[in-house]
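Residue numbers (the numbering used here), protein chains in the order written: chain D, 1 to 249; chain E, 250 to 558.
Please keep in mind that the hints were generated in silico from the structure rather than gathered at the bench.
Note that beta-carbon positions come from the ideal geometry of N, C-alpha and C, so glycine has one too.
Treat the hints with care, since some could be wrong.
Said to hold, decoys possible - Here are the simulated BS3-like cross-link-like pairs (lysine-lysine), alpha carbons at most 30 Å apart as the crow flies:
#, chain 1, residue 1, chain 2, residue 2
1, E, 373, D, 20
2, D, 154, E, 426
3, D, 107, E, 426
4, E, 519, E, 529
5, E, 305, E, 331
6, E, 464, D, 247
7, D, 16, E, 468
8, D, 241, E, 522
9, E, 464, E, 331
10, E, 305, D, 247
11, E, 557, D, 247
12, E, 468, E, 557
13, E, 522, D, 243
14, D, 50, D, 197
15, E, 305, D, 20
16, D, 231, E, 464
17, E, 373, D, 243
18, E, 529, D, 243
19, D, 243, E, 557
20, D, 219, E, 468
21, D, 52, E, 519
22, D, 32, D, 16
23, D, 52, D, 193
24, E, 426, E, 464
25, E, 305, D, 231
26, E, 519, D, 219
Unchecked claim - Here are some chain E residues pointing at chain D (derived, C-beta under 7 Å):
#, residue
27, 320
28, 341
29, 350
30, 381
31, 385
32, 435
33, 438
34, 442
35, 494
36, 543
Stated by the list, open to error - Distance windows between CB atoms, simulated:
#, chain 1, residue 1, chain 2, residue 2, range
37, E, 288, D, 12, 39 to 49 Å
38, D, 109, E, 430, 29 to 39 Å
39, D, 136, E, 439, 26 to 36 Å
Okay, here's what each chain looks like letter by letter:
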Amino acid sequence: MKVLVAVKRVVDYNVKVRPKADGSDVDTANVKMSINPFCEIAVEEAVRLKEKGVVSEIVAVSMGPKQCQEQIRTALALGADRGIQVETDAELQPLAVAKCLKALVEKEEPQLVILGKQSIDGDNNQTGQMLAALTGMGQGTFASEVNVEEGSVKVTREIDGGLQTVELTLPAVVTTDLRLNEPRYASLPNIMKAKKKPLDTTTPDELGVDIAPRTKTLKVEPPAERQAGIKVADVAELVEKLKSEAKVI
Amino acid sequence: MSILVIAEHDNAELKGATLNTIAAAKAIGGDIDVLVAGSGCGAAAEAAAKAEGVSKVLVADNAAYEHQLAENVAKLVADLGKNYSHVLAPATTTGKNMLPRAAALLDVQPISDIIAVEGADTFKRPIYAGNVIATVQSSDAIKVASVRTTAFDPVAAEGGSAAVESVDIAEDAAVSKFVGEELAVSDRPELTAARVVISGGRGMQNGENFELLYKVADKLGAAVGASRAAVDAGFVPNDMQVGQTGKIVAPDLYVAVGISGAIQHLAGMKDSKVIVAINKDEEAPIFSVADYGLVADLFDAVPELETKL
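Pulled out of the complex, with its shape left as it was, chain E reads as follows (with noise of 0.2 Å):
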């Protein structure tokens, strides 16, 4: 068996979500090959090649993978999965806007979100907003997954020593442009990666209180993120929110402030090792998943928690 991996990367950094989706290919078992596809991106290939476990790193340097276009890189994908039994990307916004394209190019249905390898074409992952695991089969040739990054701990990114092979297939399909992008800013560790997260929902009341969480979060290296209501109400940009359609994130610490805990917020967090709630209302359902709750109004208790931390 032999497996693709489709490296995650901004051009000069491989993402730490590329780690997660080679352990996948491990657990499944056989060749990995890694893709890096983009412009400019030799720095991302050369930290590929130093990955656990990889034998060889594709790199496709062209000026139409420059911003990760779906309708150049999965014709790029579709191209070169021919050769692979399994195709894998992990399940970030680009990995979910081009694996789909690219496994409909090679007639195949690709399974989303795999939260475990119970075998080379079996596979597990949640559906209904995480409340029910399905184990599913496929009977296509080449397997098209997408990998939940949370459900595989990443590989050593040292230590290997794999060949870097240039690609040399350049797709342009000539249907999409990129036209400009706005990326949040911030010093605080990325939401998906982070150790610790605190997370703050209607219960803010307004997105200067978020200065609150962000005292704390400073103080426990964490990342920040939110409830779809607190988004919604525009107290904080949406790349911040953990749920269903948000973020999945399972760190080792997770607070949830001022957050009810709705099914589609649930989804997104309760693979986390301890899940702390504040929260005024005592039956929030934010207290059913809960190791540690605390009954009280967050105004209090946040600022008093910066002190004590």
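Isolated chain D (complex conformation) (with noise of 0.2 Å):
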């Protein structure tokens, strides 16, 4: 069966980004970027899967600016067969993501759909439960174990309590958590055969997607500051200042 995956390129999770000074954006020129490090497990969980001839084809999607196609080959060079861009250089937002993926899903028809939970800029943790409602596909969201039987998936999804095991009919969506797997690195000759290997590119209105934003950011702010707190001697002088200080315990 055939599956996708959608991969964000993002600024790298050990940044830490600021505002602009003027609040209108977050400045991010001459920031390191990289693959959604959960869209990076979710590539994985696709390749593993086609390691265990449960999956023939693997197709990997990513959106945005040219610069994305860095991404799609990232995942290339860890084991998918090829990739899908869609270009533009307008802001899309989960809604317009989940759509154009919808247009996908119906030209691709694969059988699973593999998405990241979140991605760490936006923080959004919507696109793959808004793709599953707009193809009306079962959503196993926030997965830590997948299992692909006949005809359906298993899915142990990580929630407040524990765990939850979910049965979704084929084919279904997949969001992946952080314990779900350990991404591997790709090696050096992976690159080399990456850079051979097909990459179409379309774009929203080839889909015949509107990606008009539904919500405008009025600005951006940094987060209140703490104050630089105090180092204590030991652990009465602790234990005495958050009594008599801080009045906590």
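Once you've looked at the hints, go ahead and assemble the two chains, each given alone in its own frame, into the complex.
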């Protein structure tokens, strides 16, 4: 069966971003960009399913400006078979991404769509759920274990109280949690091979999707700064301060 | 304006997160209806009717909603949501699972994890692991938002007397099935609602050493959390994880033990009133947000802390 994996180009997780001085946007000039960590886990899961013989083809897709081809190439180096870029310089909100993915799902007819549970820039945690809604598929969000069976997939999900397992009829949408797997590193030969793998480009217009944003960012600002605290000498002083000064115990 | 709040519950009990979400609805202003979708959920509905500020409780009692499967509940929420100006749910795993699905069915771009209400269509929310606060304005006819519960003080659980009305819509998308669940059992308070939280990181070295934290927690009536490193190393289960991808807590007192303080962990706890860090590395980033820092070996400091409390 075929798997579609969505990957996003984001500011690297180690970078501490700051708002621009005028509060119009986050300053992402000259900042290291990477594949979103949850998307990397999604690619890894697809590759493992292929290695198990469950999956025959992995299609990696990303949306955004020209540069997001780098993230598709990363997915190809990790083991995806071909890539699709939906090219646009416009701002894409999760609803628009979900609609573009729906158009691609109708064209490619995958049995499984794997996404990360959230991107570490927008922190929305929406796209997978919205794609599932638009296509009418079942959704296995925050997955820590995925088992494909005949005609269905069993997904163990991380929920607030522990774990929950659901069974979804295929085709289905799965979003990955951190504990689903440990992504591999791309080897140099695989990075070289990835350059030769097919990568098609399309646009939201060609897919017939209206990507007009529904929400407007009025401003961005840094969060309230915490005041630097003090160092205490020993446990006795700590307990004393918590009791008399902070009055929290 | 009329607001539909989706209740968080386990059929028997209404969860505290619902009361925080009602508080966010009050900040928007307007009539507040609460939807309790479940199976045999009469008790949860009764509890919702007593919450302060609720006009009406809608109960959808049907086997299809028993385990809150998103496929079924989202359809119900989209059906009912058409008649409201706002649909809110707590940003719990249940809310995050269901609400975007309902929003897509309504053709609306939802807003995740709001921390402040600036107006009926304008909200603040954290992005980039809480390093940036964005003010966003929605142009959608129906505003669909999940609420970061730690950012809103809960409304009173008693004193209200809302009418309870049953909703006779049974949605079964028939694409998903509940198989089973494994819930962690604990006598300690719930992590997201606890007044005191004590968390351990990689410095705890193994799962047995968390016993040290449990002892302190029992003396303080605290909940015990963990960093991602401690969870990934298998010291404790993942539902104890505090951070960008785990739970967001904002207790009166947060004690970080053997936690370095990575951006992703700080995202989950830096709104705590008082932060204490116990770490032997005095360069650890956690000290830059801690009100009280103790540079010491946790294996000496934590047992001593327990005896001194």
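* Asked: Quick check: which numbered hints come out false for this structure?
  -> 7, 9, 10, 15, 17, 20, 21, 24, 25, 32, 33 and 34
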